[in-house]
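The task is simple: from the sequences and hints, build the whole structure.
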Amino acid sequence: MIAWTIYLTFLGAIAALLLPRAYARCVALGTTVAGCLLAVSAFFEAGDFGTLHTIVRVPWIVPLGIEYHLAADGISLTMVLLTGIVAVSAVLFSWNVRERENEFFFWLLLVVGGSYGVFLSADLFLFLLFYELVIVPKYFLIATWGSTNKAYAAMKLTLYSFLGGALVLIAFVATYVAGGSFDLHVLSQVHFMPQFQAWVFPVMFLGFSVLAGMWPLHTWAPTGHVAAPTAGSMLLAGIVMKLGAYGVLRIAMNLFPEGFQMWRYPIALLAVMGIVYAAAVALRQRDLKFVIGYSSVSHMGFVLLGLATAQALGVAGAVLQMFSHGIIAGLLFAVVGRMIYPRTHTRFLDELAGMNLSRAIPFAACVFAVASAASMGIPGFSGFVAEITILLGAWRDYPLLVIITGAGMVLTAAFTLRAFSLAFLGGKAESTPLKCDPITPAEKWGAALLIVATLAAGLYPKPLFDHIMPAVLSMHWLKP
Amino acid sequence: MNYLELLRLISPEAVIVITALALLGLQFITPRARDFCFPKAALGIVAAILCVKFVLPANATLCGGMIVITPLTSLFKIIILLLAFFTVLLARDNSFTRHPCEYLAIILFATVGLMLLVGSQELLMIFIGLELTGLSLYILTAFNKSDILAVEAGLKYFLFGSTASAFTLFGISLIYGMCGSTGLEEISHRFSTESAQPLLIAGVVMTLAGFAFKIAAAPFHLWAADTYQVAPIPSAAFIASGSKVASFFVLGNILLVGFRSADGAMWQRFDPAWFPLVAIVAALSIIVGNVVALAQRNLRRLLAYSAVAHAGYTLLGLLATGAEGFAATLFYTTIYAFTLVGAFGVIALVRRETGGDDIANFTGLVKRSPLLAACMGIFLLSLAGLPPFAGFFGKFYLFTAILHSGESHAGRFLVTIALAGSLVSLYYYLSVLRVIFVDQSPEEAKTPAIQMDAIQRITLAILGLAIVILGIFPDLLAALITNALG
Amino acid sequence: MITLLILVTLTGAVAVSVAPRGMARLLALIFNAATLLLALGLWRGFDPMTGGLQMIDRHEWIPAIGAQYLLGVDGLSLLLVLLTSLVFPFAFLAQKADRTFCSLMLIMQASLYGTFTTQNFVLWFLFYEMSLIPAFLLIKIWGGANRDRAAMKFFVYTFLGSVGMLLSFLVIYRSSGTFDFAKLAQTNVQGRLMDVLGNSTLGFLAVWLVFAGIFVGLAVKIPLFPFHTWQPDAYSEAPTGVSMVMSGVLSKMGVYGFIRLLLPLFPHQFHVLGPWLLTLAVCSIVFSSLAAWAQTDLKRMVAYLSITHLGYCMLAIFAIDPVGSNAHVDDTAALSGVFIQLVSHGITAALLFYYIGLMEERRGKRGIADFGGLMQCAPLFCGWMGLALFSFLGLPGLNGFIGEFLIFKGSFGLAPVAGTVAVIGLLVTAIVLLRAIQALFSGPVAKSCEGFHELTMRENWIVLPFSLLVLWTGIAPGFLFHVINITVVQMAYYGADALQFMTAQFPR
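Chains as they are written, first to last, in this note's numbering: chain A, 8 to 487; chain B, 417 to 902; chain C, 360 to 867.
The set of hints was computed from the structure by calculation and includes no laboratory data.
Source: prediction; values computed, not measured.
Relax, there's no trap hidden among the hints.
One-sided excerpt, in silico: chain A residues whose CB lies under 10 Å from chain B: (1) TRP67; (2) GLY121; (3) PHE132; (4) TYR146.
Ideal Cβ positions, reconstructed from N, Cα and C, are used throughout, including at glycine.
Set out below in structure tokens:
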């Protein structure tokens, strides 16, 4: 049933492309809502979330033994749910796109469909197909509807993604050659030689971590996110960066536990570097969207730290952080890209400071306040639960890194607060607020959806934990 | 063996030859031949396909390998005929010549040459096919007598080609001298029993040089750029597609049947005396092709250099050796051929409307004709190796084949180069696509839709769809090839 | 019951934010009335004869990381809840407030209720942090001239402190497997917490680091010297209502944290660091009172004096040596003093900020030099304000006296040297306040104050109940003692051996 998220989205993409302009956005909304509902219903269905259940498995390309194999466990369901939520809000926040809407929603839905596919694949070739499928739509979204430096940013992002995909491809084929199959179930039973794992794991990890925005391979992310149109940034930071981390967890760590053990200290170190460096750089940015772009890199550092702990708690925290940050990043980019920029035509903090935005668009100020709180890791929002779980997992093996991460959290609070103060609360109270169009219903609904999601996950994370923990615990190579 | 049997075995070639002669005759009979020749040619090709499917036996060998019929050769004869069919469709827009019937006839002769190439396992017959194809293609390149660039390209092609043929012939004779036969099977026996003598190696090298020329592999690629850029579009399309497919097929035959080793089993691993050579050629092609393509301003010239690179990728499959490697090679070159035919089809239409085929002529194509833009997008992205297009699986198949084969060190090195090359190629393909989809043409007002008739629309749509479908269900073609390989 | 309290407040926050514009403050006050009733109901339901936690609310929340939804009150918590319920309506009445203002204040109120009643660290941290953003926004949007810096400083200091606390508690959880205060106290009682922590990665360094983390986090909140530099800016730049709430209730979170969190868990550290901590407290008292002497801005003066008053509380807490001494009577005195001082300081500080707010409203400025001879034009005002000022000073008969007296009684017994030096603080406070009274009230009417009018009827009615409370608590504090007695006794007598007041009636 959940496989229909993929099919529906692709059908919707084609429909959006071919139907008349007026219908494009309705089709897109219908498709994403349907996908989200499917994801929600699959998420709340009772079941055994610990094992990877096969949904579809048919032979596909016989000469290489490739199968069309979809499977899901608790972690996949969580990520599919995330995709559903962010997709719906991305469409809502793109409701006012007036230029070439057919193509816009076509590319958008392709990204969403590809992401669904990645999270549900259980065959290496299929995984790679969906993973690379997402690359070209990203390029066109940014190059056609983007803003600052869009041609350069789009090309950089695409080439980096392709580079990551290439590394992953080498690793996948090497795995096939050593393991004899492309199927995840079969491969997870194979025990690979430690010397083999010693080089395959880092290659695969590097390939995935490019997309996950690991320092120092992250430079495409701020440029790309800033240049992308709102929906593009939301999808990029919200979902696509998670594809890389998911790949690390599902494939790299799963198939090569010994290789992972060999390399996890450097990974943890790089992750923390990412957290602190990105936060420090964000503190110096003049463009609000750049601040958020760097904050994405910083938060993804948390995910990688969680994965590097090799402990059940840490990895569960990483998955939770993927979910949480997806929503929060979506919210932040939505406010900047859709609520602020079209009304103020500038994203520079010093210019925004004079516009008295808290009077002009109080709804946006509220939403951004909530988003900032969530981003800082204030309890009550999903970020806190995720971060605390990751830190709990990380303490045993990396106590020093935990302390440094604490410093990173303070930096995060500082830059988020700076951005919020300058953007909304700068300027004198008496200065005339900017005359702005009112906030549209679509924006309100989109923001509401994301805020409810992050609050629900922060106040009552038990359903998420119930899905994630069994799946993580069934990864027998993790220490509990 | 009576002549009826013989006729049966060469019926497809015979049909094509008759069609060609009929076309040549037609132009003398009626002045309105221009209108009839295309349907006639198309009909002839379809008849030949039907012959291959229904008249040919499943397996046959004639005269010590001169004519060999196996499921694989039949499959590839059909593919070549299909490519010729599309070329004929492309040639309907024949403003470059006053003698379309001759033009078509020569295309058909080239087709015959390709079919002979494919259907033989004997060096002399291969040479005949090579020469027939080559001479026809030289003429096709220079067919537009009023375009001096085309004539120059044709001359270059001819000179290069003749030299290469000379090398090939010399190599073949050396091999004959050392092995005592020109049949690939016998040669392989000799290879397995005798050690590698210098003359034999020289023969191998020279033969390979000739074929490397044919597939436009570096450093034998210098003719390709001019030919692709200035030859009449149907000629260029045919050179890029049909000639490539057949050449790879034959190269594979020679390397994997002829120069194989002691084990003697079909398509199996063997003593790779020629391995380092081909590996270097492949690596060089990938690097040179991609790097030089970065600098191109003309789309056809860009496609030429990318053809060099793709020749490099395809050679990886041959380097993999074995059934898997050969299947990968054949798969990739087939989809590549159809992609190029489609790309040239788009270029033809744009050239007709805008008067040129520089990349700048494609600005804003998406507004003028969404179908053409979409098709070009599909073709270029398939060339770049991105899903869900056939090129993605093609490259994946090639890389899997070579890493799966025994040569893992060289294999890793080559795959890395290939992926790096793909990364570079993605850059220039995306640049072209950006021009097509994103850039606005300066004269916004004057962007009339591009006129196409139904046949052109349907053809391009079919080709585009085929690439997408083969990308999602590559088994359709891959299984055919693997089964035919046996 | 407690959950209801918090929920009502949060509902109020939401309702106020969507209410029609003019109704915001009225609606907030209605909700506050409801919470006050609920708090009184809690008081009625509270059995002062039994020790331990009462009115326990307990649910599973995030089992994977040991976070439990656990609320309960004992004497101290109840007192602080009542204080919150009183100060907030007062703050609402003190200034005009629009929707956002009311909404943010109600969120802070909810977070305070939560902080004072939770028994599980994750929940505690949630409520603790919940108050940060509203406070920041309140200062930043409605504050005075220097509000940007003040707000940012406040936030960064407090956040830094809370990150330290978070990390420390994560370590504790990792080592002991629970976030529950009661369980942790019990673990400690059995001597295992130190061992458990000592077994963690950093060895015994871990214990000290953890202690330092929590200590800093709480010390920032009180504030304790030398982590206090954010406070004068924040209190003076904040609008009246916010200053009242911050000094009245928010600062109590820190002291409460010391008593509830730090003392039961790290008695050994308190024992070892005793002299140093006492020094800190004394410095806090003395320096801040001297600094108050140097202030010309009334609000800053009261802010510094707040530090002094809370310094007394810290003096008492640090003087209690849970491990070493056996002076239980002194311990009892000191602890009672702390509790009473918390309440009385809360009310008095709120009153003072209210009066200063009134003065600023009438005159436009709030420097000591800006006023003179107010007694002549507004005698009633001076009377009420004088009451509050004298209570702040510690005049017997008013509520400030009880707390200070008990604190010093206890401290002299437990740490005579520190107590003696701390008397300087008392002295300087008296000087500062008397000087203020003289400058503001007596003497000829200053030219600028001619327009200074008397308290209006409405203001009178607002001030009356609180001033009465000041008097009543000063004269007959028995009702307060009644509430806290058992708690104090249990804390003092059982000390480090067994904080059974937490475990006595705890259903498993």
